[in-house]
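Student: Here is how the chains run, residue by residue.
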Amino acid sequence: MTAVDPVPVEARLRDIQSITDAALSRLDERELLAELLDRTREVLQSDTAAVLLLDFSSGQLIATAAAGLEEEVRQGVRIPVGRGFAGRIAAEHRPVILDRVDHTTVLNPILWAKGIQSMMGVPMVAGGRVIGVLHVGSLTPRRFTSDDVELLQLAADRAAAAVQSMTAQANRVAVAALQRSLVPSALPAVAGAEMAARYIPGSGAVGGDWYDVFTLPAGQLCVAVGDVAGSGLAAAVIMGRMRSALRAYALETADPAEVLGRLDRKMQYFEPEALATVLYAVIEPELDQMHVCLAGHFPPVIARPGQPGELADVQTGALIGAAARAQRPVTTVPVPPGALLCFYTDGLVERPGELIDEGLDRLCQAVTAQPPEMACAAVLGTLVGNEPARDDIALLMIRRHAGRKTDADA
Amino acid sequence: MPDTSFSVEMVGGVPVVVTPGEIDITNADRLRAALLEAAGRGPGGFVVDMSRTQFCDTAGLHALVLAHKRADAESGAVRLVITGPAVLRIFEITGLDDVIPHFASLEEALAATSGRTEGN
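Residue numbers (our numbering), protein chains in the order written: chain F, 1 to 410; chain L, 411 to 530.
Read the hints as simulated data drawn from the structure, not as lab findings.
Some clues are possibly wrong.
Cross-link-like lysine to any residue pairs, in silico, SDA-like; alpha carbons within 25 Å at most [claimed, not checked]: (1) 266(F) x 507(L); (2) 266(F) x 482(L); (3) 266(F) x 254(F); (4) 114(F) x 95(F).
Simulated restraints on C-beta separations [said to hold, decoys possible]: (5) 178(F) x 434(L): 51 to 61 Å; (6) 100(F) x 434(L): 45 to 55 Å; (7) 217(F) x 417(L): 50 to 60 Å; (8) 453(L) x 55(F): 31 to 41 Å; (9) 518(L) x 177(F): 30 to 40 Å.
Just some of the chain L residues that point at chain F, by a computed CB distance under 7 Å [what the hints assert, rightly or not]: (10) 472; (11) 493; (12) 496; (13) 499; (14) 504.
Keep in mind that this is a model prediction, so the values were computed, not measured.
Beta carbons: idealized from backbone N, C-alpha and C, even for Gly.
The following block holds chain F by itself, in its conformation from the complex (with noise of 0.2 Å):
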């Protein structure tokens, strides 16, 4: 075994950082991860070097980038943790030295196969948790020093920050792209009525906020709102798979209790952990009556011309996701001509230290029977006026035309 030629500790320091500080700013994940990795072979004098990335939902390892060892991407090599040199570096949160390379210590083939003679690996840290594995081979034997497990340790540090905020980077655009697509993006042309919407993102972590409507084959209109707990990208995603199943089920019963008792039997059985408020409310062809149904959401405000804003008088039923066979009361909802209809979110009733029968009587002296778009902007400058929105705000409108063409809104 022969120790590799010394260099000094500070300037093989000095290189790894340099890569790293200029690489955030400019590179994307994959060529920041290519360059860490040839800089690491470089400072470490080693024949080949890879980064596999934790995958949380299946709990591998997966080869994302390598020197000297391409085949491992191109084979998507994937390691469960706690099994082989990288699961076992990710399992126990330690480095790890192997002097001996073959099938009774690393799992992989293509490691072996290479005629590897020596590994050392590292976590990727990042956040409190392991998020990947760095390591790096010789195709001679060698014995890796402390000094070279710290420099691989120090060049894990900063991948792990430089994925860890880029993933973040990316979850953010993904999520804002996502809720962007799950947003309706025309409101559907009835004859009869007019609406209008808006979606306001919370000025923290993106949630699940979204809304919905469409119309049946039969001729009613139909709208769906609804909260999903949590934020960021996971709720985002529950948020699409929730807007598409209940699109799913409106196409089958028109009845709204049906299609939430449905969608949180659907959400219970594959999202046992989900939770969300949703409202869905199937107004008649006609446009004079609405059944609605509440799993844990606020009721719509509803005006009547001349009126003050009120909040319909409709039972409500547990969310979707808290209880096996919750009841689904629906309630019928008369809407007069020139009534206007308000759907929303919680973010816009709510603020924190007052009791939400607050928030709500703002709201329904806000909402008055005027044309939709009108509506909107009445009740944003009232709620929100120039203070940047908690939570995110999503906010739908609907008016039924008053009754003969000379009454219709201008």
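Following the hints, position chain L against chain F.
Tutor: What follows is chain L alone, placed relative to chain F:
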């Protein structure tokens, strides 16, 4: 600074989680941990004393619902003590008042829990 911590104490053999004045996204993780601890210490069920709590957002409700479902699956039960009008109102709006049993005092919640334990 308002107290935002959660404690788990044993009262007459029943674990009781005491919640702070506000539960929201910033401390819901700690609520989750306290609920898990209580579930571990009281297989027959436990009590969440929310009598000091004046505000509980969706993140808090989420943690409580998951704890309730876990307990339910293991034939235990979670019982809540709710006195704050804002918290009662949010339970009403979300329909959770029909899902998770809740009481107006710790004594009543404990009586229901230990009664059940003896019954088993």
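Student: Confirm or reject each hint.
Tutor: Status of each hint after checking the structure:
Restraint check: the Cα-Cα separation between residue 266(F) and residue 507(L) comes to about 23 Å, which is no more than 25 Å; the hinted pair holds. This hinted pair checks out: residue 266(F) and residue 482(L) have alpha carbons roughly 19 Å apart, not beyond 25 Å. Taking the CA atoms of residue 266(F) and residue 254(F), the gap is about 18 Å. The hint holds against a cut of 25 Å. Straight-line distance between C-alpha atoms of residue 114(F) and residue 95(F) comes to about 22 Å, which keeps the hinted pair within the 25 Å bound.
Checking the proposed 51 to 61 Å range against residue 178(F) and residue 434(L) shows it is violated: the Cβ atoms sit about 24 Å from each other. Under the hint 45 to 55 Å, the C-beta atoms of residue 100(F) and residue 434(L), about 53 Å apart, fit the expected range. In this structure the supplied range 50 to 60 Å holds for residue 217(F) paired with residue 417(L), their Cβ-Cβ distance being about 56 Å. Under the hint 31 to 41 Å, the C-beta atoms of residue 453(L) and residue 55(F), about 34 Å apart, fit the expected range.
For residue 518(L) and residue 177(F), the Cβ-Cβ distance of about 50 Å falls outside the hinted range of 30 to 40 Å, so the restraint is violated. The closest approach between the C-beta of residue 472(L) and any C-beta of chain F is roughly 4 Å, which is under the 7 Å cut-off, so the hint is satisfied. Among the interface hints, the one on residue 493(L) is violated; its C-beta lies about 14 Å from the nearest C-beta in chain F, farther than the 7 Å criterion. Checking residue 496(L) against chain F by beta carbon gives a least distance of about 5 Å; that is within 7 Å, so the hint holds.
For residue 499(L), the interface hint holds, since its Cβ comes within 7 Å of a Cβ in chain F; the closest pair sits about 6 Å apart. A cut of 7 Å between beta carbons decides the hint on residue 504(L): the least distance to chain F is about 4 Å, and the hint holds.
When each numbered hint is compared with the structure, violations occur for hints 5, 9 and 11.
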